[in-house]
Amino acid sequence: MENYYLDANALIKSSSILQNYKNEKGIAQIQQLLEQPDVHIYYSSLTLLETWKVIYTEFRKDTFGTNRKNKKKVLSRILTQLTNTLSTAPFEKFDIQIDEIIINHAQGFILKYGERYNVGSMDMLHVALVSKSTSDNIIMVSSDNGVKNICSFEDINHFDPEK
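Numbering-wise, the working numbering puts 114 at position 114 of the sequence shown, and it's gapless, one number per residue.
Among the clues, some could well be false.
[Unchecked claim] Cut-off 20 Å, straight-line C-alpha distance, at most; resulting in silico cross-link-like pairs (DMTMM-like, lysine to aspartate or glutamate):
(1) K25 <-> E35
(2) K112 <-> E154
(3) K22 <-> E58
No lab work stands behind these hints, which were simulated from the structure alone.
Could you build the full structure based on these sequences and the hints that come with them?
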């Protein structure tokens with residue numbers, strides 16, 4: 001059984017929700033991952049929060065068109081599609097709280113690597129969640145360079161769907 005944890009960009013690729021509106025690299029690789037037998041795909045509340053942010057940013061940038069009524073229909077369809085995707089296997093909500101331990105661990109990554117690498121606080125929270133997880137061998141799925149660098153330095157298995 002392989003376990004994967006998706007950051008927001010990986011989750012967006014997995015559900016193909018922006019595929020018709022924005023060129024996303026890595027969708028095919030994520031789809032192959034989803035088709036593997038005996039795979040668990042985890043996401044967290046943090047993943048969802050960031051995903052909503054990305055979707056609404058694209059809405060404001062007129063990625064879904066300029067007609068407000070049509071944009072709202074597209075937005076509604078995208079949100080429904082994402083909700084439906086997450087309610088089916090192999091998706092599973094990661095049952096871990098973002099508490100002081102996780103926040104301090106993420107802060108540690110920023111303090112350790114922040115001088116050399118662009119490490120965002122939300123990204124480091126994702127890495128900390130995976131790092132502190134008690135689940136067996138979770139693979140971090142992200143195309144973010146900061147996330148990939150820290151995962152490499154911290155010996156956290158990771159997969160870049162854009163490679």
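Does the structure keep K22 and E58 at a Cα separation of 20 Å or less?
holds (9 Å)
K25 and E35: Cα distance at most 20 Å?
holds (18 Å)
Pair hint outcome, K112 versus E154 [Cα-Cα no greater than 20 Å]:
holds (11 Å)
The structure meets every hint from the earlier list without exception.
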